[in-house]
Structures are given as C-alpha cells and as structure tokens.
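Could you build all of it, start to finish, from the sequences and the hints given here?
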Amino acid sequence: CHFKLHKDDFDEREEELGCYCTVKFDQNKQANELLLLADSADDQQTWVTHLSKKISKKCTSNQGTLGAPIQPDHVNQTSAANQVIIVQKQTRHIFRDHTRISNISGICETASGELVITGRRNWSVELLNSSYAVVDNLQLPQQPKSMCSTDGNTVAIVVGYNQVFFIKTTNAQLVKDRTLELQHNCLGIAHRQGTIYITSGTALYQYTVDGEMAGYIYMHRGLRATSCAVSPDGDRIYLVDVEGHQLITLSRNGTVISILSDSKLVRRYTDFPGLHVTDLGQVLVCGGHRSDTIFQVDKDGKQILAKVVTEKETGKIVSVCYSVRTNKLIVGTLYYTSLIEYTI
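Start counting the sequence shown at 1; every next residue gets the next number (UniProt numbering).
Since the hints were made in silico from the structure, they are not lab data. Keep in mind that this is a model prediction, so the values were computed, not measured. Every residue, glycine too, gets a C-beta built ideally from N, C-alpha and C. Treat the hints with care, as some may be off.
No more than 35 Å apart at the CA atoms, straight line, and that leaves these computed lysine-lysine pairs for DSBU-like [stated by the list, open to error]:
| id | residue 1 | residue 2 |
| --- | --- | --- |
| 1 | K328 | K312 |
| 2 | K316 | K176 |
| 3 | K264 | K307 |
| 4 | K89 | K307 |
| 5 | K264 | K312 |
| 6 | K168 | K328 |
| 7 | K302 | K264 |
| 8 | K302 | K312 |
| 9 | K316 | K328 |
| 10 | K302 | K176 |
| 11 | K168 | K89 |
| 12 | K302 | K328 |
| 13 | K264 | K328 |
The following label-pair restraints were derived from C-beta to C-beta distances [stated by the list, open to error]:
| id | residue 1 | residue 2 | range |
| --- | --- | --- | --- |
| 14 | R178 | Y216 | 36 to 42 Å |
| 15 | V84 | N171 | 28 to 34 Å |
| 16 | K89 | I259 | 32 to 38 Å |
As structure tokens, then:
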C-alpha cells in the first residue's frame with residue numbers, strides 16, 4: 001500500500017486529504033499483502049473499487065498535500081516484472097515418435113495454445129498440441145538459430161546465415177509463409193508491436209514485419225550479441241553478449257540502461273543462451289548449453305533476482321518460454337528429446 005493516510009488519521013477533511021487505508025501502515029508490505037487482511041473477498045473488492053476511484057480523482061493532479069502525481073500503471077508494471085517466479089511441480093514430456101528432436105533452441109506458444117519448437121540438431125520445426133504430442137513438422141534447409149512470435153499464429157525463425165522464415169500454424173499444420181534474406185548476419189530475433197529486432201553479433205537492427213530495415217539502434221565493435229528479447233510495452237530491449245558474459249538492457253531508442261556482467265548468468269563458450277520475457281515483463285536468462293540454471297533478472301537488468309530453475313537432472317538448458325494459457329514454464333534442453341514443464 002502506498003498510502004500513508006489511514007483510518008486512524010482520517011477526519012472530516014476527506015476531500016482535502018484524499019483516500020485512506022484501513023490497516024496499520026507498514027512500508028515493507030505491498031498492496032496485495034495488505035488486502036489479504038480484509039475480512040472477506042467482498043471487503044477486498046470494496047477497497048479495490050474505493051481506492052481506484054480515489055486515485056483517479058485525487059492522485060493524478062499535480063496539486064495537493066500528497067505531493068507528486070502517482071502513476072499506478074507504471075508502478076504496477078514494474079512490480080509485476082520484478083515479481084519472482086517460484087516453480088513447483090516438474091513434468092517431463094518425451095517425444096517418443098520423434099527421437100531426433102533435441103537441442104530445442106526455440107519455444108513459442110500460439111494463440112490457440114499449441115507450441116512451436118525448433119530443433120537445432122535435426123534442423124526442424126515441430127508443432128505440438130496441448131498434450132505435447134507432435135502433430136506436424138517442417139524440415140529446414142539449414143540450422144535454426146532463434147525464433148519469436150510475430151502474431152498469434154505466426155513465428156519468425158532465423159535460419160542459416162541471413163535468412164528469416166515466417167511460418168504460420170493453420171488447422172494443426174505448419175505452413176511456410178515467406179522468407180526474408182537480409183544483408184547481414186542474423187543470430188537472435190524478437191518482435192514487439194510491429195517491429196522485428198535482429199542481432200548480427202555486433203549490432204541490433206530494427207525491421208518492419210515486411211522486411212524493411214529501419215536501421216540499427218545499437219552497435220559495438222566488441223559485442224557478440226546472439227540472443228535478444230523485448231518487454232511487453234516495448235520500452236526495454238535485452239541483449240545477451242556471450243563474449244563479455246553480459247546482459248545488456250537498452251531503452252526503446254537504443255540507450256544503454258544497464259550492463260549486468262556475470263559469468264554464471266552467461267557461461268563461457270555458449271553460443272545462444274535462452275532469453276525470454278513473460279507477458280508480465282519478467283526477464284528469464286538461460287546460461288546456455290553449459291548451464292542447468294534459469295536466472296530471473298529485474299526489469300532494468302541491473303541485478304539477478306533469483307535462480308528460478310537450478311536442477312541438474314534437467315540437463316543443459318537452452319530455451320525457456322512462459323505459457324500464458326497454462327501459467328507454466330516450458331523448458332528446452334540440449335540433449336534430451338523432451339520438454340520440461342514447471343508449474344508456477
């Protein structure tokens with residue numbers, strides 16, 4: 001709770017002072033923890049409704065005794081992005097009829113709840129149903145390096161040196177849509193709000209979904225950025241520099257917000273560490289084919305918040321994806337012909 005006015009301090013000057021909270025103020029508690037102190041769910045809803053009206057009415061003004069304007073949307077987004085993910089039950093789903101699928105370099109969820117995965121070892125794209133059974137697959141001409149969703153039913157896959165394949169999922173089938181051939185090396189790929197981000201190693205480029213280059217927004221001669229991801233609002237862009245063992249966080253226009261250097265976060269000799277941002281903005285980094293750990297980093301990329309997965313029996317982790325449909329983490333490993341699902 002961000003309100004330092006409480007019922008004990010409240011009097012007839014309600015219109016002057018603003019809204020108040022009914023529990024004793026504790027600056028170490030968050031609003032959701034304080035709401036748990038309400039007597040019933042109805043009381044909780046009453047207070048949520050009451051406070052939201054008061055914030056709208058009182059706290060967006062530049063005047064008043066409460067000081068500077070409060071921006072609840074920004075505060076909520078930051079809080080959600082820094083909420084630590086805690087995994088519980090682990091389930092392994094084995095591809096019994098497709099034993100060559102391994103080194104799962106990319107995982108994406110479609111709008112209909114299916115999963116699209118790429119296998120770097122066998123140069124393939126696989127479509128899985130909600131039971132993790134393979135229902136269709138496409139063979140690629142070269143090794144897939146990275147993958148991202150571009151809309152509800154389309155994925156973009158970096159293939160070979162400089163190609164991007166767009167593949168649609170239609171009626172439980174994978175359909176090749178189109179191919180872009182770019183003028184530079186392509187390694188990592190991400191998409192947000194109609195913009196495609198592609199790393200070449202030393203630079204991060206912007207493209208439209210139609211393949212028109214908007215230019216580069218970040219470049220460094222000593223950089224070897226092989227993975228990238230973007231926050232849900234597009235305000236943060238994350239790069240993994242495998243040469244410097246760094247997570248680099250950029251603003252929308254390419255300004256460096258932070259550089260987090262940690263050899264545990266990005267292991268030596270790792271080519272394509274897994275990098276994923278959940279729909280809440282939580283940043284997840286896999287150490288790559290030499291690591292069995294998934295780290296969670298804060299929204300601004302300044303510190304490691306937690307080790308989300310750190311179990312040696314999982315094998316070396318190369319990719320991770322948060323499933324909005326099931327509220328689970330889905331993890332791909334280097335050697336096993338399976339996906340690992342973690343209940344959150």
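In rising order, the numbers of the hints this structure does not comply with: Hints 10, 14 and 15 not satisfied by this model.
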